[in-house]
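**Q** Produce the complete structure using the sequences and hints provided.
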Amino acid sequence: MTNILIAAGFALVFVMVGTPVWIRIVNRLGYGQMIRDEGPEAHLTKRGTPTMGGTVFIVGSLFGYALAHLVTGEAPTISGVLVLFLMTGLGFVGFVDDFIKVFKQRSLGLRSGAKMIGIILVGVVFAVASLNFPNGYDITPADPHLSFLRDFGPSIGPYLFVVWALLLIAAMSNGVNLTDGLDGLAAGPAGMVLAAYVIIGNWQLRNSCMASLVPNCYNVRDPLDLAVVAAAVLGGVFGFLWWNAPPAKIFMGDTGSLALGGVLVGLAILTRTQFLLAILCGLIVMITLSVIIQVGGFKMTKKRVFKMAPLQHHFELSGWAETTIVVRFWLMSALFVGIGIGIFYLEWMPKK
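Residue numbering for the sequence shown follows this note's numbering, starting at 1 and increasing by one per position.
Think of the hints as simulated: they come from the structure by calculation, not from any bench.
For every residue, glycine included, the Cβ atom is placed at its ideal position computed from N, Cα and C.
Please note: incorrect hints may appear among the correct ones.
Unchecked claim - The calculated label-pair distances, taken between Cβ atoms and stated as ranges, are: (1) M116 to L346: 33 to 43 Å; (2) K302 to M210: 56 to 66 Å; (3) G73 to D138: 19 to 29 Å; (4) P247 to N219: 42 to 52 Å; (5) M300 to N135: 42 to 52 Å; (6) F152 to N27: 43 to 53 Å.
**A** See the structure below:
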């Protein structure tokens, strides 16, 4: 538990103190956010707001994780390193995308093909590596199975597993990116899901099959270290949210949204809770579906289902204040996370 507190506490303080420094650097360089002309008119006032803020909480999370292991004397695990690699790798892809936007002063950065190639390269390395590195009990960080509360069904094989992992990574990264359309809207729900994974990792440690073969035990390779990773990123995200909450002093950019999507999927795959992630991230899923429905509906009927997609912009154009939308969406996210944690614990409820 000590390493969890150290990781979260250091990342929180580092990001809260470091973000204003980053804001001054970005302002001095003139790297402000570009705003799409076709978006809500209220967003035009945000043009020039410092961006690439995800850089700060990525660095803070890495330092928090490293310091926790340095203080406790515990060696980092391959599971923790793999999730941090996925987060940092995708964050770098997003950083390049953001840099092109601010350097060329346009709302579009990397071409979609180049961006996807970067995501695929990082995702393949993560997925392949996660099927290797068995511990003394021959348990690897991931397993070629689908999972909900644990692995289920027959193995889908390593090749299909890599494809499946890439689909999850691309979908969640894109989902967080779509959610990051209002001040604090992505950071708040992401922090709640990360808090859930701190709880899940601790519970899996206490009921690990490597400790005792009790009913419903978990074959997860490094549950405690995955909780440390979740805590480090949680501290970093909450420290960033201090400056990103409405009205935002800085945006996370694709640097932050891709990184958060990566760390959430990494935790889900390595804790064997892939489908549970869809419930925990119910708000992100809902916002992503609103874009799919809008595009699909318009192609079929030539009519728009929403005034604008993603969903948060529909409510903006309906007259809701930005703060109202953000707070109500946070409440919805808390409800989804509560339902997900409840389902996770449900199988441990006494049977009558």
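**Q** When the structure is checked against the list of hints, which entries are broken? Sort them ascending.
**A** none
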